[in-house]
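Asks: These are the residues of each chain, in order.
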Amino acid sequence: MTVEAPTGPAALGQSRRGRWGAGSIAPVVVILVLLLVAVGIRQPDFYDPPALLAFLKRAAPLIILAAGQYFVIVAGDFDLSVGSLVTAEVVIAARLIDGDPGATWPVVALVLGFGLLVGLVNGLVTTLLLVPSFITTLGMYLILVGAVYTWTGGSPRGALSEEFRMLGRRGIEGVPWLGEIPYAVLILLVLAGLAILAMRSDFGKVLLAVGDNPRAARLAGGRVAGVRTIAFVVSGGCAAVAAILLGGFGGVSFQVGAGLEFTAITAVVLGGVVLGGGRGSVVGAMLGALTLQTLLTLLNLLGVAGALASAVQGLIILAAVAIGGLRART
Amino acid sequence: MDSPEPPDALLAMHDVGKSFYGVSVLSNVDIDVYPGEVHAVVGENGAGKSTLMKIASGVHQPDSGSLRIAGEPVVLHNPREAQAAGVGIIHQEFNLLPERTVAENVFLGREPTRRGLVDRRAMRARTAELLASVGAETVRPTDRVGQLGVAQQQVVEIVKALSLDARILIMDEPTAALADHEVELLYALVRRLQARGIGILYVSHRLAEVFDLSSRITVLKDGRRVVTVDTADATPEALVRHMVGRELASYYPPKAGAPGAALVTLAGAGNGRLRPIDLELRSGEVLGVGGLQGSGRSALARALFGVESFTAGQMTLDGKPVRPRSPRQAVRAGIAYVTEDRKGEGLALSQSVLDNALLASRAATPRWFGGGARTTSVRALLAAVEVHAAGVDQEVRYLSGGNQQKVVLARWLAMAPRVLLFDEPTRGIDVGAKAAIHELIRDLADKGAAVLMISSELPELLGMSDRIVVMRDGALAGELPGDASEEAVLSLATGTPHEVPA
Amino acid sequence: TNPSASASADAGAGTGETSEFFVQADYDNEIALRTTSATGPSDKPWEQALNPQNADTAKYKKAGPYNLCFSNAGVGNPWRQVGFKNMQAEVKLHPEIKSFQVADAESKDDKQISDITDLLGKGCDALIVSPNTTATLTPAVEQACAKVPVIVFDRGVNTKCPVTFINPIGGYAFGAAGAEFLIEKVKPGGNVLALRILPGVDVLEARWGAAKVAFDKSQLKVVGVEFTDGDAAKTKTIVNNYIQRFGNIDGIWMDAGATSVAAAEAFEDLGKPFPAIVGEDQQDFLRMWQDKKLTAVAPTYPTYQWRTPVIAALKILKGEQVPSPWKLPQPTITDANLSQYVDPSMPPLHYAMCGCSDLPGYPGDWGGK
Amino acid sequence: MTTLTARRPRIDSTNGVWLALGMTLIIGGILVATDGGSLFGQNSTVSLLQRAAGLGIVAVGQTFAILAGSLDLSVAYVISLTSLIAAETMAGSDGRVLPAILAVVAVSGAIGLVNGLLITKLRINAFIATLGVGLLIKGYLEQGYAGPAGSVPVSFQHLGYDRVGPVPVAFLLFIGVAAVAWVVINRSRFGHHLIATGGDLDVARLSGVRTDWVLIRTHVICSLCAGIAGLYLASRLGAGAPRVGAEGGYDLESIAAVVLGGTVLAGGKGGVAGTVGGVLLLAVIDGIFNQLAVDPFFKQVVRGVVIVAAVAIYAMRLRRKVVRKAAA
Ligand SMILES: Nc1ncnc2c1ncn2[C@@H]1O[C@H](COP(=O)(O)OP(=O)(O)OP(=O)(O)O)[C@@H](O)[C@H]1O
Ligand SMILES: Nc1ncnc2c1ncn2[C@@H]1O[C@H](COP(=O)(O)OP(=O)(O)OP(=O)(O)O)[C@@H](O)[C@H]1O
Ligand SMILES: O[C@@H]1[C@H](O)[C@H](O)CO[C@H]1O
Ligand SMILES: [Mg+2]
Ligand SMILES: [Mg+2]
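Just so you know, the protein sequences line up as chains B, U, Y and D, in that order.
For the first sequence, position 254 (counting from the first letter as 1) is numbered 256 according to the numbering used here, and the numbering increases by one without interruption.
For the second sequence, position 168 (counting from the first letter as 1) is numbered 250 according to the numbering used here, and the numbering increases by one without interruption.
For the third sequence, position 52 (counting from the first letter as 1) is numbered 664 according to the numbering used here, and the numbering increases by one without interruption.
For the fourth sequence, position 311 (counting from the first letter as 1) is numbered 315 according to the numbering used here, and the numbering increases by one without interruption.
Looking at chain B on its own, in the form it has when it is part of the complex:
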């Protein structure tokens, strides 16, 4: 192993990390391409730019959630509260806006703030009170569901304004060739760019180190608790954005966030990110979400009915993760 090549500028990039190893994005790219080809065969006009953009618009919330979840997972934690947070946010927004367009932007700000706050609480409880994040966020999940139901008396009240819904539903219209560019896609691009930048920044590198070995990160002068807390805040913020998009896209309901935490975690793992922290890229996580969304579309196009769909989904996830894991061993 000790190839006697002196390290230095000359040795730059001689050996990259295993292309197929744990943490690599190669497996998910292959799966995604296969799925996209299959979708294309079944439905050639899927690749018309407007249709493709519409697809991305539908995928945007999950991709954003997966990006947020990535930050938490790569630091060695879980965030099981995002699904209930999404529901809570949509329900809160509806009740506060109550159909009044003037309330839209303050409520958008409030929704974002609430998401960040929930993330902050998750982070502080996990890092300061030393509660495993699985439990912290499971507790938060129960609390949010219960609190929102208590607050609304069990069913959503009020209504979202058209302005609020615009973000998840509409776009810039009349763009030549593309048709409409959905706002959701623009928001996704901005957030994805920010996420990639964040992971390339000092913060991102320290986050990876914290997930890999928190003690080493601390002894190197890192603020382990701080960094982990920020990861939860990012996840909460992403959940808030996803809530705005999902609420906009579909309207108010108590179903909107159900099960999203597991979908997001699955997406992240599908993207080659290792549960337990320290390995994997945010691009992989987002591709994992895109892959999952493509899979659902394909099942839909193939006419696989609901009950079977969950079985097929389970099977494909197991296969994909197993392939990633086995490749990492060789």
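Simulated from the structure, these hints should not be mistaken for lab results.
Heads up, none of these hints are tricks.
Label-pair restraints from in silico Cβ distances:
#1 B:D47 <-> Y:L705: 57 to 63 Å
#2 B:L126 <-> U:A343: 40 to 46 Å
#3 B:L317 <-> U:G279: 56 to 62 Å
#4 U:G350 <-> B:L126: 32 to 38 Å
#5 D:A110 <-> Y:D638: 35 to 41 Å
#6 Y:L705 <-> D:V184: 51 to 57 Å
#7 Y:I643 <-> B:P108: 50 to 56 Å
#8 Y:D828 <-> B:D47: 28 to 34 Å
In silico SDA-like pairs for lysine to any residue, Cα to Cα no more than 20 Å straight-line:
#9 Y:K981 <-> B:R97
#10 D:K125 <-> U:H142
#11 Y:K884 <-> B:D50
#12 Y:K772 <-> Y:Y672
#13 Y:K704 <-> D:D299
Here a beta-carbon is modelled for each residue, glycine too, at the ideal position from N, C-alpha and C.
Starting from the known structure of chain B, arrange chains U, Y and D with the ligands on it as the hints suggest.
Replies: Okay, now just chains U, Y and D with the ligands, sitting in the frame of chain B:
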């Protein structure tokens, strides 16, 4: 068993080859060990010693070559099969469960049973016997391993290997974590095992031990066997030449002339583990810290670095009172700490060489711009300390111990610290790399840094230090000049006052 | 055995196999009940009954005031929320009710069984049960029957021991109403997409079962049967995919109204004309229907049925006769009577057919303004 | 060699939950009494213990998985599936009880085997592996069942309804399962290997423990416990129910009960005694709320707070203990 003539080798490995991820780590290695023999294996970090031992103990399977045990060809698929074949191993890294008792650890995987259930009484009794047989009565079978000190844990490891009734015992750097007087206990133990006819493969970087204990020595370099010699015919110099492929002129760099001003002072500083300490760290000086395991040396370094900070007394840096409450504050104040537990606390093993070397800069002084220049200078530092790796993007886990330590050093050099705390900086590091690290430490002091160096290896402590303090039971037991004798350090450390030279 | 057989199938096909949950006799009975006229006060449908056969309750007669107990399956969806509000308000109308004790089973069968035991220890004069599932609650209800008069409503139990069982006509009638509307409004050969919430819930299976019978006899092409999990975003995605795949969809059948607005919006977002669509009596759908002039129908499973058990319990305790079973009318909202039910001051998921506007606390307790 | 180890009676985090249980009983008892009810009445005690039984059996199984450093998110679906297998095989006939039990054992064991193999041989993280298997079973259930099916003969309903004094038979079953589990975990070789595997997989493997085999057996046991819970629910419900597991939230709640009982989520530390305490604590809280007729949604909030707070308190005590030890 009843072969009268030249006895079969207990263990014979022939033409063994092994590679990881397509990189060859061992090739064409032959080695054997006879009953009652200690066969030492030496070589630089990453030479493949541990890998060879792991093949012999069923942890890894060789890509090529064959194994024979008492003449019979065997294939060991896992550690269990190796145990059954009579191979015991004390791994380089600790292999204990801190949450379990000594007895549970010792018999892990081979718990005695009675009427289908684990016979805990028998387990405790056997463990007590074994502990007594190595003269470690202070350890009790019911103690939780996590509560034991490092040396006691090593004893548990040894007892665990003994409990196997192994015919072949592999010891991979068993003394790395031991202080010198504890090493003596180990010697006695090895001799006793030898007398029982057990064959021992003994891996160590400490040449003195190798000469004291072994009858033959095999030198590995870059995964190949360079030579196997009878110890009686070998000299340290020749061995080192085989290992590093060049002469090593002198072991330790020259010491400092006149020390500079006091950079750090402690006055009555203490905490839960440390009784009030008065101490000065001077710029340009290497201050050695001696003492037994658990005497509080690491606790001192960790308190200075804000890991478990002082709770009483005064600490000043540059004349100004400071009390770092976290490593971050310490780093930002210009203090660096190289831990004794490289893998557990020093490195993020899945990250690249470059990312590990940049970790302190990024963690303690993050910035949004100007990262490029910083990266360039860290690359240069990695080159300067001569890290041997496939590239700066290689995951640091795949580096040998010495190279990993150099990555840690590069990390701290990048911070240009004024105070450096080294905790066992050369533990488990080969002679070549060790000399390089000694040079680096001395060089830092010469450039005006204040260096505190903890070492359990007396020659290193004496060879490197301009001044030595010795700790005992969490307090300073005394101070000695840099040219003190081993006896002087030991008597302060153990609290036997008679021989203290005036 | 492919439930959503291919698109190219002949008209009327594509609905898959008849579900094993389809019970012909129940179907026939419900279809017949749709045209039966109800007895009782026409402005209080929750007091009306279809084909009533009265049960004698003299043996339960006792003097008030009364302790009423209610074992609720749960309040896990807006329908049950609205219904439970109705029931609580109904209780307030009757001063002879001294206490009203509720145990909420949180949709857990085994908890509800324990809840019933628990309630029986609290000196109830009558027990109202809204079972979580039919078969599993049967033994517990039988136990309760031995001690107090029991009134079951909404979902049933497999025993005749309760004094009465109250519910509207049922799932077959609901499903048929929507399907018949589409058959009438969509041109022959048109594409229909059936959206279901979940597989495997008996009420919902019945709705689809009846719709399937109607579609199979029709000229319509059922291009897909999909499950939405009641999730608006998923619904829109599915509808989107179908519009893309088939160029256009002419009718949407739904087994419940929760996501009908989302389904309609999918057309709006693609700039397509709205299809003929089936919803339910939730305000968001009714409002959209009115605003966008949809071609729509809303079968209902009225939440006013939650008022009836309280009324029945009091009748029983006073020794008055009650219909058993007590079948309530199950109106359908159409263009003709839509304006009667739209109420912008109520929350979007409020069920219009609640019969609650005369109850104490209305509209505030229901979240209205 | 120096010894400075402080030797004092070990305060285990598993003791903590019993303390919390005691306090909850006292406070809850007072609250309920002031409300005019009684927490310790025959009926409420019975239904409290009854409800503890189902979750308890699952949680015992989950304790194995968590101790081994793993986790099982498929238990909820295994419960539903096995309740159906039991009820459908019995089909109301006394003679078929035994075959039904055997079928449940076989199927749940097989699912555990699959979980174990996915985790050890295909190296899929337990979280994802058991989630995936759960989805598979869910698909099967949704495809095949629209509601309860099968029926359980009266003889088998004794398990769900009979009592010995105020103690339901099912609760005794739970305690029995827990007792067996205690012996297995604390006294058998497998138990030692299990804890070692959870404590440090590499150490266990290098010490000659066949960790793959340990994990596979652990998952079989965990699934079997879910199967037993399925049998119990079938007996209680008189039929098999395709949603009873998921609606009961047995997956996350069993994990919560185990962690509440002081078992460390990362594995290697804890035990079944704590789990019994955790299950009882959840049941008592539930019972108190039931007596006070607390709004079910608000209940959820309190449950969340209790779980987090309890674990936080254990963590704090653990940290203080470390500090004390260091200071000694
Ligand atoms: N599991 C592994 N995967 C990949 N590479 C490995 C693995 N184990 C060892 N190596 C590599 O094989 C080489 C030999 O390592 P080994 O641990 O045998 O060296 P060593 O001689 O024991 O060194 P040291 O003196 O530092 O203990 C090193 O380059 C090491 O990085
Ligand atoms: N596994 C560990 N994790 C964190 N800190 C540890 C660990 N082991 C020891 N320490 C800390 O490191 C220090 C070393 O403890 P040890 O018992 O070895 O005594 P020491 O005298 O301080 O060390 P040395 O042997 O270097 O003299 C203590 O401060 C202890 O708190
Ligand atoms: O629980 C209710 C009722 O049972 C009804 O059949 C329709 O909606 C469900 O949610
Ligand atoms: Mg080694
Ligand atoms: Mg030390």
